[in-house]
Amino acid sequence: MQLSATHLWMIPALPLLAAAIGSLTPRGGRKLAAGAAIAAMIGAFVLSCGALVTALAQPAVHASANFTWFALGNEVVRVGWLLDPLTAFMAVMVTFVGTLIFIFSLGYMKEDRNFTRFFCFLSLFAAAMLGLLVANSLLLLFVCWELVGLASYLLIGFWFHKPAAAAAAKKAFLTTRIGDLGLLLGLLWLYHVRGSLLCYDGGAGVLEQGSLTALAGTTVAGGFALSTAIGLLIFCGAIGKSGQFPLHVWLPDAMEGPTPVSALIHAATMVAAGVFLVARVYPLMLADQALASVPVHALTVVAGIGAITALLGAAIAVAQNDIKRVLAFSTVSQLGYMMLALGVGSWVAAIFHLLMHAFFKALLFLGAGSVIHAAHHEQDVRRLGGLGRRMKATFATFAVGTMALAGVPFLFSGFWSKEAVLHAAHAWPVSSLPLLVGLAAVVLTAFYMTRLITGIFLGAPRTDAAAEAHENSAVMTGPLLILAACAIGLGFIGTPAWPWLQSNLGGIVVEPESIWEAPGLMLLSIGLVVTGLGAGWAVYGRRRNVNASSVDPLAQAAPGLFAVLAARLGFDEFYAATFGRLNTWVAALADGLDRRVWDSLVSLLARAGEFSGVLNREADEDILNRGFDRTSATVRGVGQTYSRAQAGETHGYLRTVALAFVVFALVLLLGGVR
Amino acid sequence: MIAAALTTDSFLERLPVLARDTVTGRLPESWRWMAGSLLEIIAILAGFGLLFAYLTLAERKILGRIQNRPGPNRTGWFGLLQPFADGVKALTKEDVVPAGADRVLHFLAPVVLVAVSLLGFAVLPFGRHLVAVELDTAVLYFFAAGTATELAVFMAGWASHNKYSLLAAMRALAQLISYELPLLLSVVPVVLVAGTLSTTKIVAAQGGWSLGFVPHWHVFTPWGAAGFVLFMVAALAESNRSPFDLPEAESELIAGHLTEYSGFKYALFFMAEYFGMCALSGMAVTLFLGGWGAPLAQLEWIPSYAWFTAKLLVLLLGFIWIRATLPRLRLDQLMKFAWKFLVPLTLLNLANAAGWSLTAGWTGPLQLVRWAVALALVAVPFVVLGRTLSAGSAPRTYRFA
Amino acid sequence: MSPLQGCLLLSAALFSVGLVIALARSNAILVLLGIELMLNAANLNFIAFWRFHSGAAPATGVIFVLFAIAVAAAEAAVGLALVIALYRHQKNLRLQEATRLRG
Amino acid sequence: MLGSGILQGLLVTAKNFVGSFHDPARYTTLEYPEVKPALPEAYRNFPFLVCDNATDPLGTLRCVACQICEKECPPQCIYIEKSRDKKPDATGKPQIYPAVFAIDTSVCMSCQICVEVCPFDAIKMDQVFEVATTDRYAALLLDRGQLTKPNTYFHTIHPTEAAEVDARLAADRQAAEEKARVAALAKAKAPAAPQAPAAPVAKRDQTPESAP
Amino acid sequence: MTFTFLILAVIILGSALAAALRPNLIHCALLLVVSWLGVAGFYLWAGAEFVAFAQVLVYVGALSMVVLFAVLLTRQSRAELRVDAPETRRAVWAVIAGVAVSGVIGAAVFATKWDPAPVTAPEVTVRGLGLELMGAHAAALLLLGVLLTAALLGAVVLAAPDRPEKEEKS
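Protein chains in written order, with the numbering used here: chain X, 1 to 674; chain C, 1001 to 1401; chain E, 2001 to 2103; chain U, 3001 to 3212; chain H, 4001 to 4170.
Quick caveat, the hints were computed from the structure, so don't treat them as lab data.
Even for Gly, the Cβ is constructed at its ideal location relative to N, Cα and C.
Careful: at least some of the hints might be erroneous.
Stated by the list, open to error - Distance windows between CB atoms, simulated:
| # | chain 1 | residue 1 | chain 2 | residue 2 | range |
| --- | --- | --- | --- | --- | --- |
| 1 | C | Leu1313 | U | Gly3003 | 23 to 31 Å |
| 2 | U | Gly3003 | H | Pro4023 | 47 to 55 Å |
| 3 | C | Leu1313 | U | Pro3040 | 37 to 45 Å |
| 4 | C | Ala1372 | U | Val3012 | 30 to 38 Å |
| 5 | U | Val3012 | C | Lys1340 | 24 to 32 Å |
| 6 | H | Pro4023 | C | Arg1069 | 47 to 55 Å |
Start from the sequences and build out the full structure, keeping to the hints where you can.
The following block contains the structure:
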C-alpha cells in the first residue's frame, strides 16, 4: 500500500476533520465526537504505515511535493510535503500511541461533561503534530508548531475552572512562546538569507548542500558561522517545546491537565517535537562541524544543554511526591538524554530513544492515569500504596514500563535505546562529560522509578481512597497491555545485532555486530541499573507500617538536599523573582506613562477641539444663520405669490393660457417672422 | 355608365329613369340636378309613405288573422281605407302639450325623428339605376343617420316634463345604444367581404349565380346567414319592434316617451318608426339578400325594383310575423341578450367572414373544408353561448295552470 | 379672401367661441363642451388645409382628423365621467368651487 | 337549443294565419252588425208581454193585471194599474186588463221571477239586447205598448217553451170545455137540482188563437 | 366664397354662440349638437365624406348621448338649470380673451401668403383611406383601439357610484 508525498497531506487532514466534527457536535454528541476522533486516528495510522512502506522503499530519498501557498506581489510563498524515513517512523509512532491514548481516554473522561470538547482538542493536537511531521517547509512546520502549542494550552487548561490548571496552561504557553521567539528569529534570518524556507526543493532547498555551504561560509558577529547562529536560534524553539534546561519549568505544572493529555503531549509527542525539529534540521547543525575557527559548534551547545537537563530532571524526580510530577521530571531527564544524543552527533540514536521512550513513557503515564482514576483522583504517592494486589493488570504493565525506563538489560526496549545513546556519547571526541552525566542519570532514573513503584503498588494502602481502588475496565487496561507489549518488543528493532532501524532511519546501511564486541560500556551500565534498583528497593522496598504523613527516608537522610530537590531547585521562584518582577515593573511604568503623559496630551487635544467648536458655533450663529434665514424668507414669499396664481381655478388657468398665447403670437407677428 | 346600361335593359327597367329624364328634360341645365333630386325625394316619400300606410293596415290585418279575427275591414273594402282613416283621426285629434313641457323641444322631437329616419333611404339602391345618392361611404352615412334617432328620442323624453317619459326615454336610449353595436358589427363582415362601403357596389358584388340556380347573395354564405339573422335581430331592437318594443310597452309605461304626445305628433312618431323599419329592412336586403338582384337568371326580365320591393315586403312581413308571436323581453334580459349574446356572436361572425375572404382562393375539396369550418364557426358558438347563457333559466313549469 | 383664408377664419372664430364658452360658463359640462368645440375648430383647420392647400401627402389631413375625432370622443367620455365623479363629491357642478387641487 | 322555442311559436302563428282562411273552426268572428249572433235559446234579457193576436196586441193581452209579478219583482221595477172595466179575453170570459203596465229596464235585472210567478203565462223574457237609447230616463221606462209582442214572436225566440205553454193552454182549455160540457150535461140531467150557489167562478179557459 | 360655406359658417357660429348664451343646459347641449352637425356639413362641403359621416356618427350619435346622460345624471334642479347665468366679471374676461385670440389668429391668417388653392379637389376614396390606415398608420390605429377601450373602462369605473360590495347571497 503506497502513499506518495503528494498524498501526505491526508494524514493530518483526517484528525483535522475529526476536530472540526468534534467542534460542531453539541455536548450531547459524545459517541459522534469520540468515534470521529478514533476513526481519524486509525485512518491516519493506516496512512502512516503506507507512508512508512513507501519511505522504506528508498530510505535515502527525501521525497517532497511542493506547491504555491499564496503569492504576495512577486514574492511567492511555497510550501510542501516531505516524506522520508524520519517522518514516516515519527508519524507511525504518533498515530499508534495517539490511537491507544484516545481509546484510554474514552474510559478516563467518561464522567466529564465536556467529553466532546476534549476529543475535539485531542484531534486538533493530533492534526497539528502530524502536520508538523510531514511539513517540507519550515514555515508550515512553524505554523503547525504554534498549533501544537495552542493545543497543549487548551488541553492543559481543559479544566479551566481549576485556577491551578488555568495558571499552568498560561505558564506552559508563555514559556514555550519564549522558545518559539528564538525559532521565529532563526526562520526569518534563514528566509532573509536564502529567500525560501523549503527544506528539500530539488536542490534549492534550505537543508540541501547548496544552501548549507553558503550558510556555513558566511560568518556573523562574534565569529559564529551563520549556520551555527540560525541552528542555535532554531534550537531555542526546541528547548522551549521539549522542556530543556532553562525553559523546563512549565512541564511539571502541565500535569494539571487530564492524564491522557499528559501521556499524549507531555510524554510521547509534543515534547518530542523539539527533538524531531533538531533531527529535521540536523544537516544545518552539522554544517559548522568542519569549520575550526568557529568559537563553538552548534552540536556542542546542544549536548551541553542535554546533559544538564538530563541530570537536573533525574535529580528533581527523586524528591517529588506526586506520581505525575515524578514522571514529568523523568520525561525532562529522558529528553535531556535525546538532546545529549543529538549533541554527540548520533541523531539516529536520539530518534531511536525518542521512539522507545514515547511507548514506555505513555505506558507509565496511562498506568498512573489508571491508578488516579481508580483512587478517585488521588495523585500523592504518600497517600497511596498497596494497589498491586487490587490492580493487578495496571501493576504488571506499570512494572514493565518502569523496567523499560530504568533500562533493565536485554528484554526491555529502554535498555537498547539508552545503550545506543551511551555508545554515541562514548564515541564523542569533544569531551567525555556527557557520558558521565548519562551514567549518573541512569542510576538516578532506576532509583526514583523503584521509589515510585514501591510507593504506589507495594505495602499497605495508606488511605481509604487507596483501599477502595479496584481494577479499571478493559477500555483502560487494553491500551496498557498493548503499550507494555511494545515497550518490550520494539527494543529489538534497534539492537547492534540487528540495526534495522538505524540503517533504515539514516539511509546508510549499518553493519550488524555482536553486542559482545565492546561489552565494557554495556556491562557498566547494567551494573549501574542494578545498583540503582537495589538502592531504591533498599530504601523504599521493605518499609512497613508507613502512613500518609510519615517522612520520606531520603528526607531523613539528607533533609536539606531533599527539600531543595522537592522545591524543583527553586527555578520557579527565581524566574518569578527576576522576570516576574521585571514584567510587573514594565507594566507599572507603561500604566503610569499612559495615565499621566498620554492622558494629558489627549485631554489637551479635546479642549482644543471644544474651543474651536464654540468659536465655530458663535460665528455660525450670527453670520451664517441670519443671512440664510433672510434668503429663505424671500424664496417663501416668491413661492406664495406664485401659488396664489395656482389657485386651483380651472378658468383662471385657461384664461392665462389664452392670454399667454396671444402675447406670444403678437410677438411672433410683430417680430416680423414670416 | 347609366346610358350604356339603358339600352340593354328592358323597357320596364328603364321606365323610372325615362320618366325622370322626360320631366327634367324641359328645365334648363343648371336646374336639372335640383329637379331630378326633388323628383327622387318625392318618389321616395310617396313610395314609402304609401308603404307606411299600408304597412300599418297589413300589420293589423295579419295580426288579426293570426289571432283568428278579421282585422279592420270596416273602412273601405277590406279595410283598405283604414290608414287614411287613421291619418284623419291623427290630424283631427287635439294636440295636447303638457304645461311644463319645453315647447320647442316637444315640437322638435317628432320632426327630427322623422327627418332623420327618412335620411336613410337616400342610399338604398331600389333598382338597377334607382339609387337616390351614389355615395362612396353609403353604409357609413346610413348608420350615421341612424344614430341620430337617439337624440330625437331623448328630446321627446326630456321635453314632455314627465318623470315616466324621461325614465322611458332613458330605457329606450339604453336599448338603442346597446343594439347599435351588434347592428354595426353585423354589417362590417359584408363591408369586409365586398371590400367597399358603397351600397351599389355591394349589390353588384352579389350579382351572378353559381351552380346555375344559387345566387351569390351573402345570405347564402355561412357568415352571411349568421350576419343576416343578427342584423335582423338588431334591426328589430333598433326600431323598437316586437320582442324589443320596451319603450312603448303599453302595459308598463303607458306609451313610454310618447305619453305626452297626441294627435299628429304621435302619428309622426309611428311614421318614423315604420320608416326606420323599412330603411333597416331595405339595408338588410341590400347587404344580404342581393339588393335588386333576381334570384334566378331566368327571372331577369322582371324589373330590378320589383325584386327589391318583393324582398323588402318579405322582410316587413317577417317583422309583423315576429311581432305576432314573441312576448316582450324584460329590460335586463334585453340588455343581457345584446351584450352577452349578440355582441360576441357578431364579433365571431366578423372573424368568420375574415377567414372566409382569406380562403377565397381554395378550390375542390378545400372548398368543402372552407364551408365546413365556416358553418362550424357559426353553429358551435351559437349553441355553446346559448346553452351557457340560458343555463339558469330552465323552461318554466306551471304547477297550477 | 381665398377660400382657405375663409375656412381658417371660420375655425378661428369657432375656436374663440369655444374658448368663450369654456371661460364664461361655470358649469363643468359646458366647459368640457367648449373644449370639444375648440377641438372641432382644429379639425376644421386640418380639413381646410387638406382641401385648399396643395400639400403633397395624400390624405394625412383626413386621417389626422379621424384620429382626432376618436381621441376627442374618448377624452369627452372620461371628462364627463370625471364630472359625474366631481358632482358626486361636491353635489353641484360649479367649477369655480372645485378648487381643492391648488398650489 | 336556443331559438327552437321561437321557431315553434312562429310555426303556431303561421298555422293560425293560414288556418284562419280556410278552417271555419279557426275564423269564428261574426261581423256583428251584419251577422247577428245566434243567441242560445235560454238567453233572456228584459221581459215582454205576450198577446195572442198580433193584429190587436193590446186587445188580446194575456195579462189580467193580477199584479203578482209586480209584488214578486225583487228590484220592484214593474208598475201596473188595473183597468176599471173588463174586456173579454181569448176564451171570451171578461177579464180585467192592465191599463198601465210599465217596466223600468234600467232597474230590471232580468231575473225571470216575473215569468215564473205569472199564472197566465202573460209575461215572457225577450232576447232583444239592442236596447241602447239616448234618453237615460224616460226611454228606459217601457210602457205597455212597447212591451207587448205577439205569441208568434214568442215562438220564434223561445220555440220549445212557447210550444210547451201552448200545449198546456190547449190542454187547460179542453179540460175546461170538458168540464163545461160535463157541467152542461149535469145541468141538463138534473134540471131539478136546486139552484147551485152562485155560478162557480169560471176557470180561465181560453182557446189559443193558434196562428203559426 | 361660395354660398354654402357662408350658410355653414352661420350655422356653426350661430349655434355655438347661442349655446354660450342659453341658460338652460339641455338647450346648450342640443345647440352644440347642431354646431357639430354644421361642422360635419363643412367636411361634406370640403369633400371629405368619410370624415363627415364619422363626425356625425361619433359626435351626434355617441358624444351627444354621453353629454346628455351626464347632464341628467348630475340632477340639477330645473331652477338651477335656469339660473346658470355666467357671472358678469368672468364673462367679460372670457370675451376679452376670445376676441384677443381670434384677432391674433385672424391677423396671422391675413399676414401669411397662401399659395393658390389646387384646381381639382383632392380625391379621397374609402378604399384609399382604408389602405392608408392599415398601411402607414396601422400602429396608430391599434393604439387608438387600446386608448378607446381604456377610456371606456376608465369612464365606467370613474362614473360608477362605488356601490358597497354585494354580499354573497347565501
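C:Leu1313 paired with U:Gly3003, Cβ distance criterion 23 to 31 Å = 24 Å, holds
| Is the distance from the Cβ of H:Pro4023 to the Cβ of C:Arg1069 consistent with 47 to 55 Å? | 54 Å, holds
Practice item. Could you see if the CB distance from C:Leu1313 to U:Pro3040 stays within 37 to 45 Å? Key: Holds - the Cβ-Cβ distance for C:Leu1313 and U:Pro3040, about 44 Å, lies within 37 to 45 Å.
* **Distance restraint hint 24 to 32 Å, applied to the beta-carbon atoms of U:Val3012 and C:Lys1340** => 28 Å, holds
**Prompt:** Does the Cβ-Cβ separation between U:Gly3003 and H:Pro4023 fall within 47 to 55 Å?
**Reply:** For H:Pro4023 against U:Gly3003, whose Cβ atoms are near 52 Å apart, the range 47 to 55 Å holds.
message = If I claimed the Cβ atoms of C:Ala1372 and U:Val3012 lie 30 to 38 Å apart, would that claim hold in this structure?
response = 34 Å, holds
Going through the hint list in order, the structure satisfies each hint without exception.
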